[in-house]
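Let chain U serve as the given structure and place chains H and A on it in line with the hints.
Protein chains in written order, with my numbering: chain U, 1 to 755; chain H, 756 to 928; chain A, 929 to 1015.
Think of the hints as simulated: they come from the structure by calculation, not from any bench.
Do not rely on the hints blindly, as some may be mistaken.
Unchecked claim - Below, computed lysine-lysine pairings styled on DSS-like, alpha-carbon distance capped at 30 Å:
| id | chain 1 | residue 1 | chain 2 | residue 2 |
| --- | --- | --- | --- | --- |
| 1 | U | K468 | A | K1002 |
| 2 | U | K139 | H | K770 |
| 3 | U | K425 | U | K415 |
| 4 | U | K70 | H | K770 |
| 5 | U | K589 | U | K566 |
| 6 | A | K1002 | U | K425 |
| 7 | A | K1002 | U | K415 |
| 8 | U | K566 | U | K579 |
| 9 | H | K771 | U | K70 |
| 10 | U | K173 | U | K425 |
| 11 | U | K173 | U | K156 |
| 12 | U | K288 | H | K770 |
| 13 | U | K288 | U | K89 |
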Amino acid sequence: MATTPREEHTNRPMRVLGTRPVRHDGADKVTGRAIYGKDVQMANLAHGKILRSPHAHARIRSIDTSAAAKLPGVYACVTSADMPNLVDKMTELGEGTVNLAHLGANVLARGKVLYHGQAVAAVAAANADLAEEALELIKVDYEPLPPVTGVLDAMKDDAPLLHDDVFTNEMGKRANKPSNVARHIVFEQGNIERGLREAEVVIEREFRTATVHQGYIEPHVSTALWNADGHVTIWTATQGAFTARQQTAELLQIPISRVTVVPCEIGGGFGGKISVYLEPVAALLSRKCGRPIKMSMTRAEVFEGTGPTPGSFMRVKLGAAKDGKLTAAQAWLAYDAGAFPGGVIGPGCMCVFSCYDIPNARVDGFDVVLNKPKTAAYRAPGATHAAFACETVVDELAERLGIDPIELRLRNAAKEGTRRVDGEKYPRIGFVETLEAAKASEHYQSPLSGANRGRGVASGFWFNIGLKSSAAANVNPDGSVTLVEGSTDIGGTRTSVAMQLAETLGIAAEDVLPQVGDTDSVGYTDVTGGSRVTFATGLAAYQVGLDILAQLRERAASIWSCDPEKVTSESGVFRANGKSMTFKELAAKLHHTGGAVVGRATVDPQGATNGFGTHIVDVEVDRETGKVTILRYTAVQDTGKAVHPSYVEGQMQGGAVQGIGWALNEEYVFDAQGRMLNPTFLDYRMPTALDVPMIDTIIVEVPNPGHPYGVRGVGETPIVAPPAAIANAIYRAVGVRMRELPMSPPRVCAAILAK
Amino acid sequence: MNFIPRLRERLYVAKKLHVTTTVNGEPAEFLCEARHSLMDALRDTLGLTGTKEGCNNGNCGACTVLLNGVPVDSCLVLAVEAEGAEITTVEGIANLGHLHPLQQCFLEGAALQCGICTPGFLVAAKALLDRCARPSEQEIRFQLSGNLCRCTGYDKIVRAVQEAANRLQEVKR
Amino acid sequence: MATVFVPPQLRDVTGGADRIEASGATVREVIDEFEARFPGIAARLLDGEHLAAGLAVSIDGTLSNRGLQAAIGKDSELHFLPALGGG
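Next comes chain U alone, as it looks inside the complex (with noise of 0.2 Å):
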């Protein structure tokens, strides 16, 4: 059923799209020569550190940093007095809206610590060491209170209060008392009561996550330089330094025209350095003092501080006739958000029941804050935590009315047309084409034998989106072209980007040179996230290369006085009345046919197209201690257009193992007193190439209709359905069904043992 891109747009074969070239920022990544925020290096360069909080609830009293102001060796402190008090200010930074007092609370709190590790001051030193020693020297004097960090206590009446001034919203009608329930999400579709009582089976399940993280390997960093005429350059690493930008200069009120980010090489972000943390204290402390100052966090603050995804709970009912068909599915979701509101609960919403065509659903979501550190978007947020409580049921619905797991996902499956619950009508998607591809796989037509082994397939959904992408390009007079564009490249995106613009131009991938703009260079760009790179500025690219090709026609026409109107360009080939001419030979030529050529394109698409994938495992329990080993693994995807086949893979394989440690291990562990007990890469334990088998990837291209390559994102679907696979291979292994996250020894030892 998968069709190919050629046959349906643009009636030719693609001659760098599907290919596999070398990425354009290779030899400097594998010689160490990439410069990354940290290797940020300039003269008089101070460092700075921040102070946190120890408690994971009280109010600030007072704040004294005059001891540390006079040691010796340091420049300057700041607390959130140095910061404007933006009370009530909404601002819009492209991915939706931010209350800025929030923000600027969450970079240095005011009047209250809402989680263990919040930043409360900030000093900038000769060096990091004696910042760190200054630290010990600022006083603060706290009234600690009582901490609420289960989402379920957190909702109750009488939980400890975080704010006075979050009323539960629903749908803009507010509470007329404060709450930790921020929002409360309802949708709905046909039925409800309808479609249990016409259900043959119900099945009703409670699902718990805890607390993980992103887990990029590189800690957050920021320098920052308030020049001497006012304007404040940072470089910094951020998956959008458009939004870096625009998040600084709101919390400090100035012009943006003040500011330039420059973005740094970035060593991962999965949605966790989208929202400032260090950018504004580091050009707040550069201000007082003059110097340039670096910031970067320790580990320990990467986990404390930063924002990891939510631990949530969920209870999840699907109804089913005999056949298997769906007819109800119910939801009620409890995401934490952490310290703020604006949790990830409404992609989760809208996401539970995604994959599947049920006539009659309804879903409750809550935000709901607590004394945890506020959450941020990771790899398809909010999906991975509805996937595992929906996935699971769906699996005990298929056992229990003797069908296969993927053919009664084939029996329910959403396709074009059909109707989500949050209303929403799905345009071409390949769900089905990947539930057909994992049936015929290989691996799901191998027997699986042995002891305490069992398979578990799960499917997942994520939405992608397009937001907007600007970029330009020269041509220069050898026939290369050099483009810039404004998506920090985390995962190899300037290579994906270039190839769209190799392809349109018909030229190969090897002549385009892709730079990655700052917010001086290129105009606006969105974040990178959300999926929406290769699609969205590979538009952009698109387009630029469409304006060239035009402004290339003119200058052939010109060369051979004809109409320009009759001048044809394929592959990198220029043709008119029986002459022709190569991209390069004209090139050379643009010079003394009125100077260079510029192409730019800037775009905001709509278009931007789903995300399935299915993923089947095989795993082996050890009845004695609880450890799950990963046999096998399969990841099916629906990619789209794969423009280049090796990172679409790679993305298949990195999600498909994030959600591996997510299912398996991650967690954050707290104590009474809410303070994280495992803030170390030895304790927070994430997969390493030991833990994991090959992740052998399924491409099923399936083009979006909405782009002219047929790219789809494909960056974040990966990481949706493994946690759920793993329970339901858990399942048929040793016959206990996990309804915890993470599955980790000790919890699968005592499923074992109480059963």
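Relative to chain U, chains H and A alone:
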């Protein structure tokens, strides 16, 4: 701001030690405080920023360098331990500007996405291939289990090391 | 006439109706039309001159990036959804 420390106050720069060593085959020397790690000295004093910091407590391997041919987490080695030793960093893997087969295979095999862990992996993998010509997949995974990668899921890294091992053997023939 | 799908939490203002027809040419016009028929609904959907924080509009199955100025066709479907992001 007064940068001149008064005599009665503690100098804010601790007394430094002088270290003489060899880095990537060339003689090198630097001043460091006793508490500085080799990672600090390489990155901040010698300007060799290819070695990366991920955790600063020996759990991620991003700072892996070779100390007398043995892979170590340079964040756990004191800078003074470099005295008289031979150190290899990622900057020393390529030969006169020509990429080592490992580096070439990482690029051709797309064994990096964000690239922050790549220097550590290259150094650790080089140490492995220097002493074991044809490691099995399991051996590769075991020897590289001290290097965390969050982007790739390790699949293409392991395959790149296998391919590099093959190419090194072909060169030898 | 375009059809506006009323989210469950707004049905207290629309007297329980879950789908309402509207003739406005933009999202803003539709909301203004609704406010005339169901007073109080604009306050639920707007923050001053913008869509309320956290709210997005989907027209004919695609999330709109034009906010209140987004154009609505004669047979369009309009949904109000939580704003989306990504990681």
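>> Hint compliance check: list the failing hint numbers for this structure, sorted ascending.
In response: none
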